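Asker: Keeping their order, the protein sequence lines are chains A and L. Just add 54 to the spot in the first sequence (first one is 1) and you have our numbering. Just add 2 to the spot in the second sequence (first one is 1) and you have our numbering.
What the hints contain is simulated information worked out from the structure, not anything from laboratory work. Any given hint might turn out to be false.
[Stated by the list, open to error] DSS-like mimics (lysine-lysine), calculated; alpha carbons at most 30 Å apart, straight line:
#1 A:LYS68 with L:LYS226
#2 A:LYS162 with A:LYS59
#3 A:LYS162 with L:LYS90
#4 L:LYS78 with A:LYS127
#5 L:LYS176 with A:LYS150
#6 L:LYS11 with A:LYS129
#7 A:LYS121 with L:LYS19
[Claimed, not checked] For each label pair, taking beta carbons as the anchor points, the in silico distance ranges come out as:
#8 L:LEU217 with A:GLU243: 50 to 56 Å
#9 A:ASP214 with L:LEU222: 42 to 48 Å
#10 A:ASP67 with L:ALA130: 44 to 50 Å
#11 L:MET108 with A:PHE65: 41 to 47 Å
#12 L:VAL211 with A:GLU176: 35 to 41 Å
[Stated by the list, open to error] Some, not all, of what chain L presents toward chain A, calculated at C-beta under 10 Å:
#13 LYS4
#14 ILE9
#15 LYS11
#16 LYS15
#17 LYS78
#18 ASN79
#19 LEU85
#20 ALA87
#21 ILE89
#22 LEU92
#23 GLU175
#24 HIS201
#25 ASN203
#26 GLU204
Note that this is a predicted model, so its numbers are computed, not measured. Built from N, CA and C at the ideal position, the CB exists for glycine as well.
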Amino acid sequence: MIKCKNVAKSFDDKAVLKGISFDITEGQIFGLLGPSGAGKTTLIKILTGQLSFDGGEVITLDKEIEKLTGEDKRKIGIMMDQFGVYERLSCSDNLKIYADIYGIQYSKIKEILQYVGLGGAEKRSASKLSKGMEARLRLARVFMHSPKLIFLDEPTSGLDPKSMQAIHKLILDKKKDGCTIFLTTHNMEEAAKLCDKVALLNEGEIVEIGKPSDICLKYNYKKKIILRLTSGEEMELSHDATSAKKIYELMQENTVEAIHSSEPNLETVFLEITGRKLQEEA
Amino acid sequence: MKNSMIIIKKQLKDTLKNKTILIQFILFPMMTLIMENAIHMEGMPEHFFTKLFSIMYIGMAPLTSVASIISEEKEKNTLRVLLMANIKPLQYLMGIGVYVWSICMMGAVVMAIGLPKQDILMYLFIMAIGFMISIFVGACIGIFATNQMSATSLVMPVMMVLSFLPMLAMFNEKIEKMARFFFTQQLKLCLNDMSIMGHSNETYIVLLVNVIIALLVFGLAFKKKGLE
C-alpha cells in the first residue's frame with residue numbers, strides 16, 4: 055500500500071528526513087512515533103503528494119506518488135494535526151462542502167455525524183465544539199468519502215482520555231473495515247494499543263521499526279519477572295526454571311498480588327535509543 | 003467550474019457569519035445611501051458621496067476581503083484540506099475572486115440607486131473594472147501573507163493609498179499628481195463624468211499598466227508561493 059525507500063528531504067540546509075525506508079501493507083495501522091519536530095508531518099506531506107522530496111522513492115496506493123491521479127487521491131483521507139474546520143460554519147455545513155466536492159449525498163452527513171458521536175450536533179457551530187468533538191468532526195470529514203488509505207496526524211493530541219478512547223475506537227473500526235491507516239503520534243500507549251507496526255523517528259531518521267511488542271522485547275535486557283506480594287514486598291526473578299518453581303510456590307501460598315515482566319515500553323525504548331523523550335517539545 | 007462553485011457556496015455561508023468581512027461589503031453602500039439622502043449642501047457636486055465612496059469601496063472591500071479570506075484559510079489549515087480534497091489552487095482563487103466580485107457588484111448596484119438611469123450601466127462597468135484590479139491585488143497579498151496578522155499589515159498601506167489618495171487629491175495638487183499613477187484615481191475621473199471615453203491617453207495607459215502590474219505580481223506570487 056505504501057512504500058518508502060531512502061526518502062530524503064531538506065529545508066534550506068537542514069536535513070529533515072534522512073533516508074527513510076519502510077513499507078505498509080494493506081489493512082495495517084502503521085504508527086510513526088517521534089517527538090515534535092522529528093519530521094512526522096513532513097513525511098505525511100510527502101506521502102500524500104503535498105510536498106516534493108529530494109531523493110528516494112515513494113509509493114502510495116501501490117503507485118509512484120507523482121503518478122497519483124485525482125481518482126487515486128479520492129481514495130486517500132487526511133486529518134491534519136491542527137484546525138482544518140470552518141469555525142463559523144455548523145458541523146453539517148462543514149461536511150456539506152466535502153460532500154459537494156466528493157459528490158456525496160447530504161443524507162450521508164447525518165449518518166457520518168452519528169457514527170463519530172456527533173449526532174445532535176449537526177447545527178452546532180464548529181467554534182462551539184469541545185476539542186474532542188472538533189477532532190471527531192475532522193475525523194467525520196476524513197471518513198465521509200470512505201477512503202482506503204487514511205493519514206492521521208496526531209489525531210488525539212491534547213484530548214482528554216475519554217475523547218481519546220472514542221477516537222481510538224473509531225480508528226480500530228476503520229481498520230476492521232479494511233482501511234490502511236498511517237498514524238503519527240508521540241503517545242506511546244496509543245501506538246502500542248492501535249498499531250500493528252511502528253517506526254520510531256528521531257531527527258529525521260528511523261531508529262527502530264517493527265511490531266510494538268517485538269520492539270519492547272528486543273530491548274528487554276533485564277529479562278526479569280517482578281512479583282508484587284500481598285505483604286507489599288517486591289521480588290525480582292530471572293527468566294529460568296528456578297524462578298518458575300518459586301512463582302509456583304508463592305502462588306500456591308496465595309501470596310502473589312501481581313506479576314510483571316521487565317520489558318520496557320516504547321517510551322523507554324525511545325529514550326534509550328535517542329536519549330530524548332517522545333513527549334518533549336522540539 | 004464545479005469546484006469553484008463549491009468555493010463560492012462555502013464562502014457565501016461563511017460570510018453571513020463573518021462580521022469582519024460582511025461589514026466590508028455593506029459599509030460603503032449603506033453610507034452612500036445615508037449620506038446621499040441626509041446631506042445636501044449648496045455647491046456640492048452631484049452624487050458627490052456616491053462617487054467618493056465608490057472609489058473607497060473599490061480600494062477597500064475587494065482588497066481586504068480577498069486577502070483576509072485567503073490568509074485566514076491558510077492560517078487555519080482549511081485551505082490545505084481543500085487542496086488535499088483535490089480542489090486546484092486556481093479553482094479556489096477563481097471561486098473566491100468571482101464571489102467577492104459578485105458581492106461587491108451587488109453593493110455597487112445599491113450605491114447606484116440615486117444615479118440617473120442612463121449612467122447606471124457605465125457606473126457599474128467602471129466599478130466592475132475597479133473591483134477586478136483590486137481583487138488581484140488582494141489575492142497577491144493573500145498569497146504572500148502567511149496568516150491574518152501579516153495580511154492585515156500588508157493590506158493597510160495598500161488600502162490607504164488606493165482608497166484615500168483619490169479623496170486627498172481633491173484638496174492638494176501634489177497629491178493629485180501622485181494619485182494619477184493609481185487606477186483608483188483614474189477610475190474616479192471616469193466616475194466624475196460617467197464615461198471611460200474622451201479621457202486623455204493617460205487614463206487608459208495608467209489603467210492598463212495597473213492591470214498588467216496586478217496580473218504580473220499575482221502571477222509571480224502564485225508561481226513562487228502557490229497557496230502554501
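Asker: With 10 Å as the cut and Cβ atoms as the points, is GLU204 of chain L at the interface with chain A?
Answerer: 44 Å, violated
Asker: Hinted pair, alpha-carbon criterion (30 Å max): LYS11 of chain L, LYS129 of chain A. Please report holds or violated.
Answerer: Given pair LYS11 of chain L, LYS129 of chain A holds - Cα atoms ~25 Å apart, limit 30 Å.
Asker: Checking hints one by one. Is LEU85 of chain L an interface residue toward chain A, by the C-beta closer than 10 Å rule?
Answerer: 8 Å, holds
Asker: Is the hinted range of 35 to 41 Å satisfied by the C-beta distance from VAL211 of chain L to GLU176 of chain A?
Answerer: Given about 51 Å between the Cβ atoms, the range is violated.
Asker: Can you verify the interface hint for GLU175 of chain L: is its Cβ closer than 10 Å to any Cβ in chain A?
Answerer: 46 Å, violated
Asker: Please check whether LEU217 of chain L and GLU243 of chain A have a Cβ separation lying inside 50 to 56 Å.
Answerer: 54 Å, holds
Asker: Verify the proposed pairing of LYS121 of chain A with LYS19 of chain L, using a straight-line Cα cut of 30 Å.
Answerer: 40 Å, violated
Asker: With 10 Å as the cut and Cβ atoms as the points, is HIS201 of chain L at the interface with chain A?
Answerer: 43 Å, violated
Asker: Are LYS11 of chain L and chain A close enough, Cβ to Cβ, to be under 10 Å, as the hint says?
Answerer: Holds - the Cβ of LYS11 of chain L comes within 10 Å of chain A, reaching about 7 Å at its closest.
Asker: Is the interface hint satisfied for ILE89 of chain L? The criterion is a beta-carbon contact with chain A at less than 10 Å.
Answerer: 7 Å, holds
Asker: Can the hint on ASN203 of chain L be confirmed by a CB-to-CB distance to chain A that is less than 10 Å?
Answerer: 47 Å, violated
Asker: Does the interface hint hold: is ALA87 of chain L within less than 10 Å of chain A, judged Cβ to Cβ?
Answerer: 5 Å, holds
In this structure, the hints that do not hold are numbers 2, 5, 7, 12, 22, 23, 24, 25, 26, in rising order.
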